[in-house]
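As they're listed, the protein sequences go chains A and B. The first sequence begins at 1 in the working numbering and counts up by one. The second sequence begins at 1 in the working numbering and counts up by one.
The reader is advised that the hints may include incorrect statements.
Said to hold, decoys possible - Residues of chain A clear of chain B, computed beta-carbon distances all greater than 12 Å: (1) Ala13; (2) Gln50; (3) Arg54; (4) Lys115; (5) Thr136; (6) Asn142; (7) Thr147; (8) Lys167; (9) Asp185.
Unchecked claim - Simulated pairs of lysine-lysine, DSS-like, Cα-Cα distance not exceeding 27 Å: (10) Lys26/A to Lys146/B; (11) Lys83/A to Lys152/B; (12) Lys83/A to Lys145/B; (13) Lys152/B to Lys124/B; (14) Lys51/A to Lys95/A; (15) Lys115/A to Lys51/A; (16) Lys180/A to Lys146/B; (17) Lys47/B to Lys152/B; (18) Lys197/B to Lys26/A; (19) Lys153/A to Lys167/A; (20) Lys160/A to Lys26/A; (21) Lys176/B to Lys152/B; (22) Lys197/B to Lys47/B; (23) Lys167/A to Lys19/A; (24) Lys152/B to Lys39/B; (25) Lys146/B to Lys83/A; (26) Lys26/A to Lys198/B; (27) Lys146/B to Lys115/A; (28) Lys26/A to Lys145/B; (29) Lys67/B to Lys26/A; (30) Lys168/A to Lys157/A; (31) Lys19/A to Lys168/A; (32) Lys19/A to Lys198/B; (33) Lys167/A to Lys51/A; (34) Lys145/B to Lys180/A; (35) Lys19/A to Lys197/B; (36) Lys168/A to Lys83/A; (37) Lys176/B to Lys145/B; (38) Lys104/A to Lys146/B; (39) Lys145/B to Lys115/A; (40) Lys47/B to Lys180/A.
Hints were generated in silico from the structure; no laboratory data involved. Values in this document were obtained by computation on a predicted structure and should not be read as measured data. Where a beta carbon is used, it is the ideal one built from N, C-alpha and C, also for glycine.
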Amino acid sequence: MNSVSVQENIENAFEVMRKTYESVDKLLVEMDRQSVECGFVPVIPQFLRQKSDREYQGWFIQSFIKLYQRDSAPPCQSGNGLKNDPIYAVEISFKEEPRMTLCKYVYSTLEHWDKPPSVSEHWFFYWPLYDGDNFTDHELENGVFRTVPNDEKTSEKYGKIQEVISKKIDLLSITSTNIKDRVFDELHRL
Amino acid sequence: MLAEIHGKISSDGSNLSERLEDQLTANVFGTLRYLPFHKGIQPIFSKAVFFSQTDQTVFINGLAAQKDEFIGDKVNFWVKGERSEIDVLLELDHLTIGIEVKYHSPLSSDDQLEREASDLLNGKGQTPKFLLLLGTEPEVNMMAKKVMEDRKLPSGVHFGYLSWQEVLHQMVYVQKNETFNEFQRLILEDLVALLRKKGFARFQNFQSLACPLVDHCSYFHFYTDEQFFHLSANRIEKEGYYEFC
Numbered sequence: 001m002n003s004v005s006v007q008e009n010i011e012n013a014f015e016v017m018r019k020t021y022e023s024v025d026k027l028l029v030e031m032d033r034q035s036v037e038c039g040f041v042p043v044i045p046q047f048l049r050q051k052s053d054r055e056y057q058g059w060f061i062q063s064f065i066k067l068y069q070r071d072s073a074p075p076c077q078s079g080n081g082l083k084n085d086p087i088y089a090v091e092i093s094f095k096e097e098p099r100m101t102l103c104k105y106v107y108s109t110l111e112h113w114d115k116p117p118s119v120s121e122h123w124f125f126y127w128p129l130y131d132g133d134n135f136t137d138h139e140l141e142n143g144v145f146r147t148v149p150n151d152e153k154t155s156e157k158y159g160k161i162q163e164v165i166s167k168k169i170d171l172l173s174i175t176s177t178n179i180k181d182r183v184f185d186e187l188h189r190l
Numbered sequence: 001m002l003a004e005i006h007g008k009i010s011s012d013g014s015n016l017s018e019r020l021e022d023q024l025t026a027n028v029f030g031t032l033r034y035l036p037f038h039k040g041i042q043p044i045f046s047k048a049v050f051f052s053q054t055d056q057t058v059f060i061n062g063l064a065a066q067k068d069e070f071i072g073d074k075v076n077f078w079v080k081g082e083r084s085e086i087d088v089l090l091e092l093d094h095l096t097i098g099i100e101v102k103y104h105s106p107l108s109s110d111d112q113l114e115r116e117a118s119d120l121l122n123g124k125g126q127t128p129k130f131l132l133l134l135g136t137e138p139e140v141n142m143m144a145k146k147v148m149e150d151r152k153l154p155s156g157v158h159f160g161y162l163s164w165q166e167v168l169h170q171m172v173y174v175q176k177n178e179t180f181n182e183f184q185r186l187i188l189e190d191l192v193a194l195l196r197k198k199g200f201a202r203f204q205n206f207q208s209l210a211c212p213l214v215d216h217c218s219y220f221h222f223y224t225d226e227q228f229f230h231l232s233a234n235r236i237e238k239e240g241y242y243e244f245c
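My request is simple: use the sequences and hints to build the entire structure.
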């Protein structure tokens with residue numbers, strides 16, 4: 001490939017990335033809008049993400065996690081701003097093929113959390129899905145997985161997590177008109 | 001233009017950055033009032049969301065009952081009441097609509113909408129009073145929901161919300177109306193272009209990224225096994241420095 005086409009290719013690559021980020025931004029806004037109609041509320045307005053200056057992989061975001069809870073769930077009595085109910089999450093991932101993972105994080109209670117998660121606490125929801133050394137997956141049915149911590153120490157580290165129920169779907173199949181069906185109805189079913 | 005006429009933006013534009021909200025208000029509603037009511041404001045406002053079906057019905061019926069096409073003189077900006085200033089006030093034949101416009105900023109105080117609602121109630125006329133919060137998704141939905149949960153608004157004012165994204169969405173829909181003349185069509189085109197430029201278009205899908213194609217085998221690469229630079233260790237001479245001239 002000559003230098004002109006390499007130049008064009010880099011330009012294209014960044015353009016594709018910018019446009020992809022733009023679509024993700026719009027998708028996140030649209031999900032928040034529709035979440036209210038589908039009986040969910042965002043836990044915090046922002047998405048969670050991992051960023052790092054030290055590693056180049058951390059310069060761009062490859063995993064976006066947006067947290068929701070069921071609107072009808074009772075608030076924690078400790079007044080920590082959370083509802084005493086599972087936390088639902090939508091992960092948008094570009095680590096491999098563009099993918100969306102719908103998740104339900106189940107805890108015995110959330111009363112002991114002192115506040116809602118912050119933007120940088122991405123790891124707290126990310127590793128239960130991807131750390132095969134400390135968590136074990138079992139497929140239930142129709143591509144739904146149940147992931148459990150291998151020991152009490154891991155469960156404690158991740159806010160006394162009991163299990164994560166999750167399902168992966170193709171991100172590119174999501175459109176403005178099927179968000180309710182493919183995202184929120186699916187979250188309700190987990 | 002209207003923001004400057006009303007003194008929201010100084011004539012030299014020096015306070016423009018903190019007045020973007022007022023400029024957007026004036027640009028959109030100042031322009032919308034040039035359009036026939038049934039081809040602009042009515043279909044756009046019909047998408048406002050209320051928390052009770054009764055409110056929604058009274059609102060839609062009130063809009064539908066408006067007979068005049070020209071309502072430019074019924075749209076007023078930054079109307080000062082006893083306790084508040086309402087960004088846009090529409091005094092239609094069958095309903096009064098106060099609009100609080102938000103763009104990037106939150107409500108100015110906890111009781112801002114409460115004060116506006118009470119000024120609306122005290123206003124002249126016996127028509128049903130509506131207070132609309134117009135803002136950006138998803139914040140506007142959350143803000144409106146919280147206002148309803150706090151239950152601080154005086155009864156007698158029907159509260160609802162509308163988003164900029166929905167306004168744009170409706171404008172694009174309205175554009176399909178074939179009875180527009182060329183003046184009206186141009187007005188709407190400009191408004192749609194402005195709201196798109198502001199980034200109010202909603203997510204559609206990812207498929208529009210089919211091109212340009214990027215070949216992953218032709219990435220950019222730094223070769224680290226070659227020496228790229230060399231530091232000279234020569235003695236530095238006084239006044240022997242390098243200078244741009």
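We went through each hint and held it up to the structure:
no.: 1; hint: Ala13; verdict: violated (5 Å)
no.: 2; hint: Gln50; verdict: holds (22 Å)
no.: 3; hint: Arg54; verdict: holds (18 Å)
no.: 4; hint: Lys115; verdict: holds (18 Å)
no.: 5; hint: Thr136; verdict: holds (32 Å)
no.: 6; hint: Asn142; verdict: holds (24 Å)
no.: 7; hint: Thr147; verdict: holds (27 Å)
no.: 8; hint: Lys167; verdict: holds (19 Å)
no.: 9; hint: Asp185; verdict: holds (18 Å)
no.: 10; hint: Lys26/A to Lys146/B; verdict: holds (23 Å)
no.: 11; hint: Lys83/A to Lys152/B; verdict: holds (23 Å)
no.: 12; hint: Lys83/A to Lys145/B; verdict: holds (17 Å)
no.: 13; hint: Lys152/B to Lys124/B; verdict: holds (22 Å)
no.: 14; hint: Lys51/A to Lys95/A; verdict: holds (14 Å)
no.: 15; hint: Lys115/A to Lys51/A; verdict: holds (22 Å)
no.: 16; hint: Lys180/A to Lys146/B; verdict: holds (23 Å)
no.: 17; hint: Lys47/B to Lys152/B; verdict: holds (24 Å)
no.: 18; hint: Lys197/B to Lys26/A; verdict: holds (14 Å)
no.: 19; hint: Lys153/A to Lys167/A; verdict: holds (25 Å)
no.: 20; hint: Lys160/A to Lys26/A; verdict: violated (33 Å)
no.: 21; hint: Lys176/B to Lys152/B; verdict: violated (41 Å)
no.: 22; hint: Lys197/B to Lys47/B; verdict: holds (22 Å)
no.: 23; hint: Lys167/A to Lys19/A; verdict: holds (26 Å)
no.: 24; hint: Lys152/B to Lys39/B; verdict: violated (35 Å)
no.: 25; hint: Lys146/B to Lys83/A; verdict: holds (16 Å)
no.: 26; hint: Lys26/A to Lys198/B; verdict: holds (13 Å)
no.: 27; hint: Lys146/B to Lys115/A; verdict: holds (19 Å)
no.: 28; hint: Lys26/A to Lys145/B; verdict: holds (21 Å)
no.: 29; hint: Lys67/B to Lys26/A; verdict: violated (38 Å)
no.: 30; hint: Lys168/A to Lys157/A; verdict: holds (25 Å)
no.: 31; hint: Lys19/A to Lys168/A; verdict: holds (23 Å)
no.: 32; hint: Lys19/A to Lys198/B; verdict: holds (16 Å)
no.: 33; hint: Lys167/A to Lys51/A; verdict: holds (25 Å)
no.: 34; hint: Lys145/B to Lys180/A; verdict: holds (20 Å)
no.: 35; hint: Lys19/A to Lys197/B; verdict: holds (15 Å)
no.: 36; hint: Lys168/A to Lys83/A; verdict: holds (25 Å)
no.: 37; hint: Lys176/B to Lys145/B; verdict: violated (32 Å)
no.: 38; hint: Lys104/A to Lys146/B; verdict: holds (25 Å)
no.: 39; hint: Lys145/B to Lys115/A; verdict: holds (22 Å)
no.: 40; hint: Lys47/B to Lys180/A; verdict: holds (19 Å)
Consistency note: the structure conflicts with the earlier hints numbered 1, 20, 21, 24, 29 and 37.
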